[in-house]
Each structure stands twice: as structure tokens, then as C-alpha cells.
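Student: Sequence lines, in order, name chains A and B. Here the working numbering is used: the first residue of the first sequence is 0, the next is one more, and so on. Here the working numbering is used: the first residue of the second sequence is 81, the next is one more, and so on.
Just so you know, these hints were derived from the structure itself, not from any lab. No experiment lies behind these values; they were computed from the predicted model shown.
Subject to a maximum C-alpha distance of 27 Å in a straight line, what follows is the list of computed DSS-like cross-link-like pairs (lysine-lysine): (1) B:Lys141 with A:Lys20; (2) A:Lys3 with A:Lys73; (3) A:Lys21 with B:Lys141; (4) A:Lys6 with A:Lys75; (5) A:Lys75 with A:Lys3; (6) A:Lys48 with B:Lys223; (7) A:Lys73 with B:Lys141; (8) A:Lys6 with A:Lys20.
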Amino acid sequence: MSAKEVKVYSTPECPWCRRVKKFLEDNAIAYQDFNVAEDSAAREEMISKSQQLAVPTIFIDDEIIVGFNEALLKEKLGL
Amino acid sequence: MRELIIVGGGPAGMTAAVYAARKRIDTLLLSKDIGGQPNLTAGIENYMGYQYIEGFELMQKFEEQVRQFPLEQRIGQDVTALSRLDAGFEVRTDNGESYQAKAVIIATGKRPRPLNVPGEERLRGRGVTYCAICDGPLFAGEKVAVIGGGNSALEAADDMVKIAEHVYLVSLTPFTGDQILIDRAKDASNLTVFLEHEVVAIAGSSRVEGIAIRDLKSGEEKSLEVGGVFIEIGLIPNSELAKGLANLNRLGEIEVNCACESGVPGLFAAGDVTDVPEKQIVVAAGEGAKAALQAHKYLQRL
Numbered sequence: 000m001s002a003k004e005v006k007v008y009s010t011p012e013c014p015w016c017r018r019v020k021k022f023l024e025d026n027a028i029a030y031q032d033f034n035v036a037e038d039s040a041a042r043e044e045m046i047s048k049s050q051q052l053a054v055p056t057i058f059i060d061d062e063i064i065v066g067f068n069e070a071l072l073k074e075k076l077g078l
Numbered sequence: 081m082r083e084l085i086i087v088g089g090g091p092a093g094m095t096a097a098v099y100a101a102r103k104r105i106d107t108l109l110l111s112k113d114i115g116g117q118p119n120l121t122a123g124i125e126n127y128m129g130y131q132y133i134e135g136f137e138l139m140q141k142f143e144e145q146v147r148q149f150p151l152e153q154r155i156g157q158d159v160t161a162l163s164r165l166d167a168g169f170e171v172r173t174d175n176g177e178s179y180q181a182k183a184v185i186i187a188t189g190k191r192p193r194p195l196n197v198p199g200e201e202r203l204r205g206r207g208v209t210y211c212a213i214c215d216g217p218l219f220a221g222e223k224v225a226v227i228g229g230g231n232s233a234l235e236a237a238d239d240m241v242k243i244a245e246h247v248y249l250v251s252l253t254p255f256t257g258d259q260i261l262i263d264r265a266k267d268a269s270n271l272t273v274f275l276e277h278e279v280v281a282i283a284g285s286s287r288v289e290g291i292a293i294r295d296l297k298s299g300e301e302k303s304l305e306v307g308g309v310f311i312e313i314g315l316i317p318n319s320e321l322a323k324g325l326a327n328l329n330r331l332g333e334i335e336v337n338c339a340c341e342s343g344v345p346g347l348f349a350a351g352d353v354t355d356v357p358e359k360q361i362v363v364a365a366g367e368g369a370k371a372a373l374q375a376h377k378y379l380q381r382l
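This is chain B alone, in the form it adopts within the complex (with noise of 0.2 Å):
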């Protein structure tokens, strides 16, 4: 049995094995991928030690760091399950393999939440995305729906009414990005605002072809023709692992003290899949190194 396993492989877990590493921990990373939600953001200005750097960037720094150390790692395998046993844990991935340690820090992150709607699984990749900055550029000359009212709906919409026909913005609430962005959003004249509407269904056979929308105070619904729909509403926990072990709260997070400790002896979680508050890069490291060294005195007692 191992000492410790780390799962997930963005800022949190990528710092927590780095930290494990120099104390000497057996330590076996395991994640789907390696870099996490920085991936998928443009520009950072507010970790420190760089005045600007692009999130894909500084994720490859963290990788190189992390390989600096003679440290196991399973990049590619998704872990699906998580169970106790006597003196610790199992952990099973998407393709049958397991694995045992003493102790585990879940680092799992975060991801696009999805609508919920008819025809939103089926279009996926077919017009339905969660990621303006990759697929936007496929639909220039569309017209297309942005879905969401938080900044990264009205960064969505920003870049869209430069690329796309027309653009239809739909809120379930009012606006609850920063006035700077609704400001801009408001000045593009191919933009259509739908606040506190609903949508009901997206619609098409091998693409999208359409969405259907309700007016949530009239109660009335329309139709929007559009060729890609940008889901932009927020992001929820990967703490599926951890459901019947620790405590989640009711955003679906995992409940852990300032020690990263889940309330589960030995079973220590960090950054954006923890009820910590503020979501950043350099938050979400900070919390690495701590669960690592929680972890360290952890197994130093047993």
C-alpha cells in the first residue's frame, strides 16, 4: 500500500505533489488531465511572480515542477471510485485499475455546470459548447445563444458579437458580472439581452438548429434559430468521490477544516472542489501545500 494518492492534476493537486514529494511521501498522482481549469483561461494577472501569463502557460511551469521529482504519476485515468478499508483507501478508474494508500487529498476541481435541458447532451459538440475560447471561432457568421449572466457569459458575449452574426444573451437572473463587461455587452449592436428567461430546449436533428426559451415573469415562450449554444452558468464540484464519506455542502462542495481535513481520518481535500472561499489559482495552490503537509503529520502518526 502506498503512502498517499493525490487526485486531480490542476494548481491544487499539482502543488500538493510537489510538497509531498520533498517530504518523501510515496505518493502516487492521479488525474484525467493535467493543468485543470486554468486551461481554459485566457490571461492571468494576479498570480504572483508573474505580472502576466496565460493560464495554459503557467500550468506547463507547474508540470515541470511537478517532474523535477522522482514522483508516480497517472495522468489519463479518470478515478470514479472511493472507498475505505481498514488501514486507509481504494481508488478505481475509468479503465478498471485500483489503487491503495493510507491517505488521499482530493484535488478534483471544478466544471461546467450544464443546463439540464432536452437536447442539451445529445448536441454536444454539435453545436452545444462550454468552451467560447476553443469552438467560438467555428461559428462566425451564425447566429448564436450565450446562456448565463456572470462574467464568463458577458466575456462569451463580448467575444461573439466579433465573430457572429447576431448574438442572443440569456439570463435566467439579472446580470451578475461586473459592470464594466455588461456595459460593453450593452454597446454591441448585434446583441440581443434576454434577462430572467429560461431555456426550455435546445433543438436540432445533427446540429443545433434552435433553442426555445420561457419568459419567466410573463410566462411566455419564444424560439431563437441559432447554430451554437455557449453555456456559461457556472461551474460545480467534482466531489462525486467523496459523496458517503465526507460531508458536502449544499453547492455539492467538500466540507474541510482550515487543515484541509475532510472530518475522515486521513482523507484530506484542497482547492476549488473544497467549501473554501475564493476560487483562485493561487488560492487553490496555497490549500495543495497545506493537504500535503496535513497529510505529511498525518502519516508520520500513524
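Bound-form chain A, shown alone (with noise of 0.2 Å):
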């Protein structure tokens, strides 16, 4: 299985964002992590790509997931 390509876009204290980035360590899955309170370009494209202006949003190469739920980070991770 290739790995996916996975973005969190977040903020520092939102508590979802957190368990997003928990679960994905759990999982011993790589990805990168943009805090979208200082990192303007990250902000922008988190909004341009997803419509959305909520964190936690997910990035698994192209799928777009808005907010910690579980059962569907697993089912596009392939977990």
C-alpha cells in the first residue's frame, strides 16, 4: 500500500485538532501539520480547496474531512 499524503490544517488550541493529530500518531501515520492561526498561505488554501473555514480540516491527498471523526479518518486511511 502506498502512503497517502496527509495535511491537518489546525490550531493551536482547539482541542480536535488535537485528537486528529493523536489518532494519526497512534496510527503511526505521517503527515504534515499547518497552523492556519499564523500561516496565512495555509489558511488560504485550506479555504480555497475545502470551502471551509472550521479546523480541524483533513487532507488525505485529495479527500477533504472536516473535524475529528474517527470512523472516517480509518475508512480514507485504510485502517
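Using the hints, put the two chains back together into the complex; each one sits in its own frame.
Tutor: Have a look at this one:
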């Protein structure tokens, strides 16, 4: 199975963002984390691609998940 | 048929799970998520044993404790229906599964109350948010509105005056939050307060562009140009499952006696979804323990 590219768009104090990251770490999934509170380029990318103003937003290759949805993450990551 | 199904994975549900497992009750824990409302709380200073702990971290500790026991868990399944059978109950989940048990504990907590105004649902995640702590930083430098007059709204306003260009705080009533938070809000130079105003609509095509508010006294309407709307008007109980089975009070909470019994034999409820006074983590955990022990007694009598 080839590894999927996983990007997490998050803010520092957001509890659901931390849950997403912990879930990925517990499942040994490598991911890139973008702090959209500070990284305005990442914020724009997140908003333009997802049409959402909400964190966490997760890109798994071209699929977009908004919020911490463990079942959906498992499905999209093939866990 | 299993012995017990616990619906909900917050403090009440997880505590009930540990107590049930220790009684070796054949239990299934079903929940949409793990942690519940404390996940959205920053710091907790009144859960005994911890002088300070973040809500998220406390719920991780709860979760680790649940995992110490051989207990069946299905997380990520939202229970959508509960019905009575001859010898127990059946629950159905949003992914089409159904499970049966002799007893059920409902510990489904509460969720943010929506405003129920035009535009709200359509613009959810597009400027309308119910999690200021999560999404606040996305509105840096913009004008935003915070709706509500209680502690959550005042705290959200206090956070947002540091991030946003301007904050409008709109409350249907005079402030109901703590004086210390009201004073802090009044000190901010980039905050405008509209008390006794109702939100009429949220406007915008693909993103929030503004809100319409109405002065309850004069009836005068105003439009405010904002990019974000933070809705902090309290919580409603996730008690839909119990409708038609147990009694709900006027707030929609499940009525229980001091033994967490709903009045329907074998149907128990615990935590914030019930009419037990004081919505606190320590109270919910205690109620969860009681519900599991009462369910154990009930199952033994069968």
C-alpha cells in the first residue's frame, strides 16, 4: 500500500485538532501540520480547497475531511 | 442479547463503562466520539485529583482507564434510535447497525444550541461556528459577532477582541455571565455590545458576510458586516433517543430519580442529558458510576 499524503490544518488551542493529530500518531501515519492561526498561506489554501472555515480540516490525498471523525479517517486511510 | 449498552462516551458514559466492566457485565459502549464536552473545555481546576488539567487530557486519561478493561467499544457510531423489546431494548446506529441489550444507559450529554435563524445551517463551517476556541484564529483581523450573554459568550468575546478587528456581542437578554467577565468585556475598545437584541438572519452566499439584528425594545433592525458568527447560547440535551419512552422536562432533559432510573425498567440515564442539577464533569462521572451500579442490580434481579 502506498502511503497517502496527509495534511492537517489546525489551530493551537483546538481540542479536536489535537485529537486528530493524536489519532494519526497512534496509528503511525505521517502527516504535515499547518498552523492556520499563523500561516496565512496555509489558511488560504485550506479555505480555497475545502470551502470551509473550520478546523481541523484534513486532506488525505485529494479527499477532504472536516472535524474529527474517527470512522471516516479510518476508512480514508484504509486502517 | 447483551446485558448492557451504554450510549455516550463522555465522563458519564466512560465512568459507567468502567463500573460495568468491573462488575463483569457484558457491556457494549457505543458513541459518536470519545470525551464529549470536556474536549471543548480549556482548563479544568475543579476535577478532584488534578489541581489543573486540560479537558482533552483528562478525557484521554478516562479513555486509557476504560481501555484497561475487556470491554467492547464501537466509537464513531451515532445511535439514532432506541426501542423497547419484550426482554430489553434495541438501538440502531447511523451506519445501519442494530444492537440489543437487557438494559441501556443513556449518557449522551449535550450539544451547542443553534439559533435557528435563516442562513445558520447553510453557512455552518463557512463563518458560522460553535467552537470559538477552535475556529477563532481563522478570523484574525476580521469583524465578527459573538451571540449570547452567558459565560461562554463572554469568554469567546474576550478571546476574539485580541484576534479580530472588531467584535459585536449580541445578547437576547442582559448579561447572565460572571461579573468579572462582564467587566473585562466592557474594557475592550474594539467591542460593541447589543443587549436585548435578537439575531434575525445570517447573510452571505458562500461565506458569512453579515448578520441582521433587531432591538427587542424599539423593534429597529440593523445590519452588521461580519465575516464570522460565534454562537454561544448554551446547550441542548441529546435526549432524542428517550423521546416517547421516558419523560423529558421542559428543557428536554431526561427525568431520572436519584438512582438514575428513567421510570422505564432497565432504562437508565446519567450526566448532562438528565435533569440532575449541576452540569459538571465530577457530577457526570458520579452519575455514570451510579447508573452502572443500578443497572447491575437490575440485571441481577432479572
